[in-house]
Amino acid sequence: MSEVLVVVEATREFGVKKVTLEMLTLARELGTPSAVVLGGAGAAEALSAKLGEYGAEKIYAAEGAEIDGYLVAPKATVVAELVKRVQPAAVLLASSQEGKEIAARLAVKLDNGILTDVVALAADGTATQVAFAGSTIVKSKVTKGLPLVTVRPNSLTPAPAPASPAVEQLTVTVGDADKLAKVVERVAEQKGSRPELTEASVVVSGGRGVGNADNFKLVEELADLLGGAVGASRAAVDSGFYPHQFQVGQTGKTVSPQLYIALGISGAIQHRAGMQTSKTIVAVNKDGEAPIFELADFGVVGDLFKVVPQAAEEIRKRK
Amino acid sequence: MNIVVLVKQVPDSGADRNLRSDDNTVDRGSANNVINEMDEYAIEEALKIKEAHGGEVTILTMGPDRATESIRKALSMGPDKAVHVVDDALHGSCAVATSKVLAAALGQLGADLVICGAESTDGRVQVLPHMIAERLGVAALTGARKLTVDGSTLTVERQTEEGYEVVTAATPAVVSVWDTINEPRYPSFKGIMAAKKKPVQTLSLADLGVAPAEVGFDGATSAVLEHTKRPPRSGGEKISDEGEGGVKLVEFLATEKFV
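Just so you know, the sequences run in chain order Z and G. The working numbering numbers the first residue of the first sequence as 1 and each following residue consecutively. The working numbering numbers the first residue of the second sequence as 1 and each following residue consecutively.
Just chain Z, same shape as in the assembly (with noise of 0.2 Å):
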């Protein structure tokens, strides 16, 4: 069977992500999973035991600052020079900034067509897609070259299939062209211990109706307790509440987990767009009229106050 290639995002905090997983497990399907580690030196051998648990057969590294220290360029000539070589039935990516980044540049550089946001990929190349906010369904697929895809966080559950990938480093030639956007800082913010945004399984998200940024406290001790990441509406984050890089919906994240909590969220289009695909959505909001109860697979039309202490402590109760 073919190569599928699999360009692996990982963090240096948590190793590698979710999403690389599930496109592992995808890329069982298509033919022979490879991973492609890009990244600061050293960067393939931290990754290479949870690659192999997942079905990686390869790995294919290059590292270095050559490759880690510019935006997505020098990374997007390694993969095209290795899609070349090796021919592989297909490539996949993370449908992040990044991930889109370097996609978008392999599609130019190999005159190739490109689908992102994919949520699944049938072997004879078939992707679908979830457009316009969730509402409509798409089947597509590339027309010109291999299939050259971003898969979408969430899309599928990643199993182990254990591998014992033996690691190729790959000789890398960064040409100054690649060179021009040179990344000066990295600076890492606080995280704590929630699991980022578009891969949780559990989000609890807070709105205009959590009043303040004091407030969120209440929406952090409600996904903490359900080991879910916190998110916020626009009208959140806009009033200063929560910091713009949890905010979902239109113009933020898009996520898609297994239980969505809205909290003081009416349910604005421009929020319902990066929601309404989780799979089970609750909602609390003291306007019983708010639009997010006709999403809702169990609402409580009351005040949040009153109600998500109360939950909390019904979960530690359970615990």
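Heads up, some of the hints might be wrong.
Said to hold, decoys possible - Derived lysine-lysine pairs resembling BS3-like cross-links, with alpha carbons at most 25 Å apart: (1) G:K248 / G:K229; (2) G:K146 / Z:K306; (3) Z:K317 / G:K248; (4) Z:K141 / Z:K84.
To be verified - Chain G regions said to be covered by chain Z (calculated; three or more residues, Cβ under 8 Å): (5) 95 to 106; (6) 197 to 203.
To be clear, the hints were calculated from the coordinates, so they are not data collected in a lab. All values derive from a computational prediction rather than experimental measurement. Just so it is clear, CB atoms sit at the ideal spot from N, CA and C, and this is done for glycine as well.
Chain G: place on chain Z using the hints.
Frame of chain Z; chain G shown alone:
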């Protein structure tokens, strides 16, 4: 500084949006078409740079005739002029072909700085800035929440999942911006009146030296095979909190095995 802002006309994301049943493209005919929201932040950023450093701001749009409305609206915020790439053969173009056309237009305009929204609300594909930069051989500084211009040096702060990055490049470059970068101005009455007289140049594929076979459905590198409306979610159980709302919420979570 010669700044070009990419502006896309999109169907209003606040209303019902559809794909056409005949050719699977975005239904623009029945939609209320507006400027892509993120592009307004790009325009604002360009105007701020012009105000601080001088230069000229040009709007560049690829789209059908009706995109003229959005171009005039963009001009009413303050840019100097616009270029509208319009050609019947463009209908059905994929992202790869679109980047080819825009890169050709940018090549003619000779921009020092190209600013665009990080994504459009219709496709949300986020690939064009890097595709264009790749074709032009210039830097792409994407997803900016802050942009500083110091002579020919651009510095961008961009949000990442772990924190943020500071990235620099020399002009010419492409910069894409999120809605955290500024607060777009509202067009003034004077601006709206002035926009009516501002020059809008139209360019065809022939003007750009791009063959019709390279774009549209003929040149597309991907295709939509079919599309269906997702059945709308229906609300489930809704209770009023009579003092037991929190407990009942947890009971629901327990039946769904979340606790």
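Z:K141 paired with Z:K84 [C-alpha distance capped at 25 Å] = Given that 25 Å is the threshold and the Cα spacing comes to 21 Å, the pair holds.
(request) With a cut-off of 25 Å on the C-alpha distance, tell me whether G:K248 and G:K229 pass. (result) 33 Å, violated
Counting residues of the segment 197 to 203 of chain G that have a beta-carbon nearer than 8 Å to any beta-carbon of chain Z, does the count reach 3? violated (count 0)
**Report entry** Hinted pair Z:K317 and G:K248, Cα distance within 25 Å
**Finding:** 14 Å, holds
Problem set entry | Given hint Z:K306 paired with G:K146 - CA-CA distance at most 25 Å | This hinted pair is violated, its Cα atoms lying about 39 Å apart.
Confirm or reject the coverage of the segment 95 to 106 of chain G by chain Z under the rule of 3 or more residues with a beta carbon closer than 8 Å to the chain's beta carbons. holds (count 3)
Of the hints listed earlier, those the structure fails to meet are numbers 1, 2, 6, in rising order.
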